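Novice: So the chains spell out like this:
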Amino acid sequence: MSVKVKPDTCTGCETCVSVCPFGAIEMKDGKAFITDACTLCGACVEACEFKAIEKDVEQAGPAKDLSAYKGVWVFAEQHKGEIASVSLELLGEGRKLADKRGSKLSAVFIGAGIKGKSKDLIAYGADIVYVADDQALKDFNDDSYAAVLTTLAYQHKPEIILAGATAIGRSFFPKVASTLYTGLTADCTVLDIDTVTGHLHQTRPAFGGNIMATIVTPNHRPQMATVRHKVMKPAQRDDSRKGEIVEVKFAQSGAVRTKVLKTIDELTETVNICEADIIVAGGRGLGSQKNFLLLEELAKVLGGAVAATRGAVDEGWIPYSHQVGQTGKTVCPKLYIAAGISGAIQHVAGMQSSETIIAINKDPDAPIFNVATYGIVGDVTEILTAMIKKFKEVRG
Amino acid sequence: MHIIVLVKQVPDTSEVKINRETNTLIRDGVPSIINPYDRYAIEEALRLREKHGGKVTAVTMGPPQAAEALKEAVSLGADDVVLLSDRAFAGADTWATSYALSQGIRKIGDFDLVIAGKQAIDGDTAQVGPETADMLGIPFVAYIRKIERVEGKKMVAERLMDEGYDVVETSLPALITVVKEINEPRVPSLKGKMKAKSLKVTAWTAADIGSDENKIGLRGSPTQVVRIFPPTPRGQREILSGNVEEQVASLAKKLKEQSLI
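Keeping their order, the protein sequence lines are chains L and U.
The opening position of the first sequence corresponds to residue 170 in this note's numbering, with each subsequent residue numbered one higher.
The opening position of the second sequence corresponds to residue 151 in this note's numbering, with each subsequent residue numbered one higher.
Keep in mind that the hints were calculated from the coordinates and are not lab data.
All values derive from a computational prediction rather than experimental measurement.
Among the hints, a few may not be true.
[What the hints assert, rightly or not] If the Cβ cut is set under 7 angstroms, some of the chain L residues that face chain U in the computed set are:
#: 1; residue: Leu209
#: 2; residue: Ala292
#: 3; residue: Asp296
#: 4; residue: Gln304
#: 5; residue: Ala305
#: 6; residue: Arg339
#: 7; residue: Leu504
#: 8; residue: Ala541
Cβ coordinates follow ideal geometry from the N, Cα and C atoms, glycine included.
Please construct the entire structure, taking both the sequences and the accompanying hints into account.
Specialist: This is how it looks when you write it as structure tokens:
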């Protein structure tokens, strides 16, 4: 164990007991005592105003030669040849990190019939594009995607590899990190680089968004992270940019273990809610499927997507792929309109990082108002109807 | 079929509240529960056993009190449990956790399928499943919402994606993670509860599973948490006033000013 209480300095104030996310601190003889439940997260170290708790920084493991690792890589995700919006956001962020560190930005592009799009990635900021274009890579497959990226990482030793925190990124990045024996941080919302050491400071929400944690990978490279949609600024297209396109051969090693038999698109509209700038969401408070249609109308007026709470999904008003919250998707649009949503923590966990939140509820004490930028107390259907009318006028 | 289910004991994050004055977590009285996604994993394992015969083994890594989560798995119908517990495991990140789990699973021996929940609600990383699969050298398929069929050494299942779903065929043994859509978990039976009550859970230590001491716990973890802090509180909220038309008009004005509409 390397979080220790200095009994002589501990005043027994119990602050650490209340801040420990794991309930791992007890009071013994008026002093804090750290139990086996400790995960060494260090929340108590930060909280103790008497500096009575210490975390050993002895990080063992053989020190690797980190200087051999250079450059920032972005996994450029594509669906049917369309580059995912989150990948453009990562190219924007990756460019900044690479410039700070004085290194190159590369994109890794995997799929079938996509080669022609490689120059788009250069226009969006990449200096090098590694493109693996092969019929065998048409469908997403953990094994083959991981094989391409792992092989490239062994060959070229990037310092950082980023992907969107999408279904695909979250599925195959862990396999790459496992094989490379390196650290991976999921769902980052802030990235920063120490220009001297090259350590990437990766900040992410944990405990359903109740706390933020900053994580580093001090002794391993590459440093890998997945990043949430909509938190980084997308790169601006510049067709005059020059870069290098490197074609990568894909060789199937061993038997094919998994294959996609078919793919079914299920979203009722074309917008993936994770990528939407505006989301109109509803909960059980809407009362009926008919009222739920008002959300769709409002979303149409605003050019946004429709989302729902678990309750509304359970009622059968909308498919599960639209569910936001702990057991659904996590979204961070510019504008989130929560209509007839009480604000249970399970839902709030999935939407509280939205930039502007509008809450509409008849109950002025509904917890959704605690996270709202603007709140309207009143009858949901009446307000939605008025909003549709007014926003139509405003948008002409 | 021998099905292994990975479970994790987590604090019930839905009970965790923030003290708005000090911006710290209020943990008093927050119970430990089985990670909600793991309940779907346990249920699916039990259903597969009911259909194909065999047994279900629940595995966890954690402090001694994590045995409670395994007892709960038994009360639901799991046949066997394995607790990986050793102070040397403390501070493990997803890599070191996956290493310990994969070593534990190797010691258990033959299996056809490993099922885990999509992610744990305390860390939300969704990494331990795929990393464990990689270390075991078996295929991994995420976000399973339906198992269509298991035939010999093959399984066909539906994988939830961002824009719909894929029907995926995988060879077995494999490791899958499941989403809540897959089933409706049962409640413990009386018989199961009795069995759980009398269950003695013995722990396997780092040495028992033949682990390399450089790959477990804090020592084996590539990542390190350097700071934990409360999220920036949102700016002052504003409750709009007036009648419906006035409220909506003032909202439209504000959103227009911020170029949101």
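Novice: List in ascending order the numbers of the hints, as given earlier, that are violated by the structure.
Specialist: Per hint list: 2, 3, 4, 5 violated.
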